[in-house]
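Enquirer: Sequence:
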Amino acid sequence: MEAVLLIVVLLFVVAVLFGAYATVKAVGAAKRGVDRTIAQARRSVEDTTLRAKSFGQPGLTGELAQLRLRLRTSMRATQDALYTGVEADASLQESVRLFERLSAHGHELDGQLKQAERDPDRARVGSRVQELRDRTEQITHAADSLRWAVRDRARKFADDDLSSLSADIDVESGALRHWAPVDEAAGADGPARAGRQAAERGREPWTAPTGEAGAAGAPGPEALGPADGRPLDGTHRWTKNPWRKSARPEASN
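Position 180, counted from 1, in the sequence shown is what this note's numbering calls 482; the numbers after and before it change by one each time, with no gaps.
Incorrect hints may have been included.
[Stated by the list, open to error] Ranges between beta-carbon positions, derived for each pair:
1) 409 - 359: 22 to 32 Å
2) 311 - 333: 26 to 36 Å
3) 322 - 344: 39 to 49 Å
4) 358 - 432: 55 to 65 Å
5) 385 - 308: 44 to 54 Å
6) 323 - 385: 23 to 33 Å
7) 399 - 453: 12 to 22 Å
8) 425 - 392: 15 to 25 Å
9) 424 - 391: 46 to 56 Å
10) 467 - 361: 52 to 62 Å
11) 325 - 467: 43 to 53 Å
Think of the hints as simulated: they come from the structure by calculation, not from any bench. The model shown is predicted, which means the values in this text are computed figures rather than measured ones. Glycine included, each C-beta is placed from N, C-alpha and C at the ideal position.
All chains, please: the whole structure from these sequences, using the hints.
Expert: Right, dumping it as structure tokens:
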């Protein structure tokens with residue numbers, strides 16, 4: 303009795319611990335989801351603000367907004383391309399590491415551009431615009447180079463796979479056009495034996511059979527279609543079309 307009670311208590315404790323663990327995981331997942339949503343909303347608002355500044359405010363403020371918008375757009379597009387491609391191509395791990403190092407420089411430059419927008423000393427900011435423009439060009443060029451290399455690699459693999467698939471389909475299509483099976487038992491002496499059989503029946507070799515002899519003779523090549531259920535070589539049969547359901551079930555043997 304005491305052993306049963308102890309087992310029940312242990313099971314209860316395990317259930318409580320498991321429930322607490324599941325609750326903590328669920329709360330953490332919900333919190334991460336909320337944080338991700340807030341971060342995405344904040345980025346969308348900031349991008350919209352930068353776009354409005356770049357078009358609506360001429361001069362130094364508009365140029366700084368254009369630099370920030372260009373930097374953020376290029377880095378985000380490269381990040382999406384790399385993180386999506388690495389799931390299917392593990393060789394992109396090194397590219398992801400290089401982008402993470404580049405991303406650190408991008409975040410630093412974005413912070414400097416943001417500070418320059420708020421700096422009241424416009425003369426000092428104007429003297430640094432060329433430096434900020436050159437760094438933005440350098441970082442965005444590197445990010446664009448990585449992104450287009452990843453896309454070219456994925457497109458090359460897709461083209462190679464499509465070419466190989468097309469070649470396989472051409473081979474299979476050619477094989478499917480060999481309508482009637484070849485009688486392997488006839489071998490090389492098939493024509494000679496057919497001539498002897500025709501001579502025994504009093505006919506010239508290679509003449510079409512007539513009458514009873516025609517009924518007993520072998521028919522010519524016959525085109526088989528998918529509707530014909532006869533075996534091709536004793537082991538293979540036509541299968542149903544996998545793309546549509548049959549109008550009626552197969553008849554049981």
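Enquirer: A range of 44 to 54 Å was offered for this pair. Does it hold for the Cβ distance of residue 385 and residue 308?
Expert: At 50 Å between Cβs, range holds.
Enquirer: Can you tell me whether the CB distance of residue 358 to residue 432 sits inside 55 to 65 Å?
Expert: violated, 23 Å
Enquirer: Using the C-beta atoms of residue 425 and residue 392, is the stated range 15 to 25 Å upheld?
Expert: Given about 51 Å between the Cβ atoms, the range is violated.
Enquirer: Range first: 23 to 33 Å. Now tell me if the beta carbons of residue 323 and residue 385 are that far apart.
Expert: Because 29 Å falls inside the window, the suggested range holds.
Enquirer: How does the Cβ-Cβ distance of residue 325 and residue 467 compare with 43 to 53 Å: does it lie in that range?
Expert: holds, 49 Å
Enquirer: Measuring from beta carbon to beta carbon, are residue 311 and residue 333 in 26 to 36 Å?
Expert: holds, 33 Å
Enquirer: Looking only at beta-carbon atoms, does the pair residue 467, residue 361 fall within the given range of 52 to 62 Å?
Expert: With Cβ atoms ~56 Å apart, the hint holds.
Enquirer: Is it true that the C-beta distance of residue 322 to residue 344 lies inside 39 to 49 Å, as the hint says?
Expert: violated, 32 Å
Enquirer: Mind checking the hinted window 12 to 22 Å against the Cβ distance between residue 399 and residue 453?
Expert: Distance hint for residue 399, residue 453 holds at roughly 19 Å.
Enquirer: Using the C-beta atoms of residue 424 and residue 391, is the stated range 46 to 56 Å upheld?
Expert: Holds, at about 47 Å.
Enquirer: Measuring from beta carbon to beta carbon, are residue 409 and residue 359 in 22 to 32 Å?
Expert: holds, 24 Å
Checked against the numbered hints above, the structure breaks hints 3, 4 and 8 and satisfies the rest.
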